[in-house]
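K.L.:
Protein chains in written order, with the numbering used here: chain L, 486 to 696; chain D, 180 to 460.
Careful, some of the hints might be misleading.
Claimed, not checked - Simulated pairs of lysine-lysine, DSS-like, Cα-Cα distance not exceeding 25 Å:
| id | chain 1 | residue 1 | chain 2 | residue 2 |
| --- | --- | --- | --- | --- |
| 1 | D | Lys455 | D | Lys230 |
| 2 | D | Lys270 | D | Lys368 |
| 3 | D | Lys274 | L | Lys541 |
| 4 | L | Lys542 | D | Lys270 |
| 5 | L | Lys542 | D | Lys368 |
| 6 | L | Lys562 | L | Lys659 |
If you're looking for bench data, these hints aren't it; they were derived computationally from the structure.
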Amino acid sequence: KAVVSTQSTGVLVSVFGPHECANRTARNHERAIISCSYNFASFGAAVRKKKMTADKKTTEVGVMIQNTFEAAVMLEKFPKSQIDIYVQVLQGDGGERCVAINATTLALINAGIPLKDYVCACAATVFQDSVLLDINNLEESYRGPLFMLAVMPQTESIVQLQLDHRLHNDHLDKVVRETIQGCRDIKVLLDRQVKEWTVEAAAAYEIKPRV
Amino acid sequence: MATRLSINEIRYIIDGVEQDFRTDGRAAEDYRHVELESRVLPNTNGSARCKLGKTEVLVGIKAEVVDVDVHAPHIGKLVITADCSAVASPKFVGKGSEALENDLTNILSFIYHSTETLPLKELCILPGKSCWQLNVDVLFVQCGGNLFDVASIALKAALHNTTLPKVRVSGEGIEMEMEVADDPYHVWKLDVSNWPICITLYQIGCSFAVDPSEEEVACSEGYVHVGVLPSGDVSSMEKSGAGNIDPTVLLEMVEVGVRVGEDIHNQLDKQLEAEKSLAKL
Numbered sequence: 486k487a488v489v490s491t492q493s494t495g496v497l498v499s500v501f502g503p504h505e506c507a508n509r510t511a512r513n514h515e516r517a518i519i520s521c522s523y524n525f526a527s528f529g530a531a532v533r534k535k536k537m538t539a540d541k542k543t544t545e546v547g548v549m550i551q552n553t554f555e556a557a558v559m560l561e562k563f564p565k566s567q568i569d570i571y572v573q574v575l576q577g578d579g580g581e582r583c584v585a586i587n588a589t590t591l592a593l594i595n596a597g598i599p600l601k602d603y604v605c606a607c608a609a610t611v612f613q614d615s616v617l618l619d620i621n622n623l624e625e626s627y628r629g630p631l632f633m634l635a636v637m638p639q640t641e642s643i644v645q646l647q648l649d650h651r652l653h654n655d656h657l658d659k660v661v662r663e664t665i666q667g668c669r670d671i672k673v674l675l676d677r678q679v680k681e682w683t684v685e686a687a688a689a690y691e692i693k694p695r696v
Numbered sequence: 180m181a182t183r184l185s186i187n188e189i190r191y192i193i194d195g196v197e198q199d200f201r202t203d204g205r206a207a208e209d210y211r212h213v214e215l216e217s218r219v220l221p222n223t224n225g226s227a228r229c230k231l232g233k234t235e236v237l238v239g240i241k242a243e244v245v246d247v248d249v250h251a252p253h254i255g256k257l258v259i260t261a262d263c264s265a266v267a268s269p270k271f272v273g274k275g276s277e278a279l280e281n282d283l284t285n286i287l288s289f290i291y292h293s294t295e296t297l298p299l300k301e302l303c304i305l306p307g308k309s310c311w312q313l314n315v316d317v318l319f320v321q322c323g324g325n326l327f328d329v330a331s332i333a334l335k336a337a338l339h340n341t342t343l344p345k346v347r348v349s350g351e352g353i354e355m356e357m358e359v360a361d362d363p364y365h366v367w368k369l370d371v372s373n374w375p376i377c378i379t380l381y382q383i384g385c386s387f388a389v390d391p392s393e394e395e396v397a398c399s400e401g402y403v404h405v406g407v408l409p410s411g412d413v414s415s416m417e418k419s420g421a422g423n424i425d426p427t428v429l430l431e432m433v434e435v436g437v438r439v440g441e442d443i444h445n446q447l448d449k450q451l452e453a454e455k456s457l458a459k460l
């Protein structure tokens, strides 16, 4: 389980598994399948949203997170099993998808599920020729280009890319470079947290890990 | 939440409760350690997070101005919705949590629906026209037994720190107008000195206990929810679950419920007062 919150956006992620596939027809003989559910709390948004089950937007985000981690998790190690990822957004102030992906990375590591690399996500927009990283709700509502990138920092390979609204071709290179840098910065923070956990867990066994 | 227990484990748990010495060493009237954090959600008017044993609950209160109910034109409204997050258990994905959520919503709404005990008159803005509606969203992040009590404790704490914008009413008669203050510091707080909390007593074997763990809930047959006011009065009562309860045991249960309820109110009020001295608002 992992709770990740930025200043105003808070996301709680729980990972269950790997366990036996709930649905026998969906199971894969060569690798594990990932099932993901994304939920937004009623009190999460500035304007209260009544609870809606299986809203199109939330299903889409769920599938997006599932696809992202199918690329990052070593699924071949767990044939015929299932890994569940449940995302609950507690407060939404912009960039919920990114915080969700970062939290899921931490939750998977906490669960001991082997990953090929961290998956770090960052959102950006372009405003008056400068790139703004990690935008909040107010900045999102400006309707400028909304660029979200999920990257595996070591190889710098892009796992997920989403762009809303219009982005001029001239800005594309700059935005991609700066967002990847943003993701690298997030990796440093995630790494720090993982090291803290390792030290804590090892202390219970009286081992001093080399971190 | 079905936990699989062997016959011997069930016997052990029931014997423990009957002898006033439960598996974790508690007496039948003892609550587990309560962790309470207020104002955790900045998007809301009031919020609290409460953790009791393995159960963790987040309560967010958002207020909006609505039309008054025709049958009750001088009071405000309180709408409670319970939500079991999938984060708590894979069983709660999609429609899996509907039955439990309905149960929780109904019981909590029942405890908090008495218009005589709740100071809902404070929430009325223009009598006969507009009032505040408090939308209380209870989100269960972890379920480990005793969900109702935790929710009501968190609810009281959340209500304690709920701030509502001041409304200026001008004009007379039909032309009364109201203006909701824009200034985030121009607010007022509710008076929570008369809000009840729910104490649930579970019948286990021939005896009963409060604040059971998940395993103890699995061994219980029937439970009684008692809404206890800080003065020691009972505002509501409901029996749920499968199993019959002896009337004399019921009276004992209510007595214990009131005793435990008053104690919790005292401790909770003390902590909330201490918190007030920390916060500036």
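K.L.:
Each hint: holds or not?
P.N.:
Status of the hints after comparison with the structure:
| no. | hint | result |
| --- | --- | --- |
| 1 | D:Lys455 to D:Lys230 | holds (20 Å) |
| 2 | D:Lys270 to D:Lys368 | violated (38 Å) |
| 3 | D:Lys274 to L:Lys541 | holds (16 Å) |
| 4 | L:Lys542 to D:Lys270 | holds (22 Å) |
| 5 | L:Lys542 to D:Lys368 | violated (36 Å) |
| 6 | L:Lys562 to L:Lys659 | violated (38 Å) |
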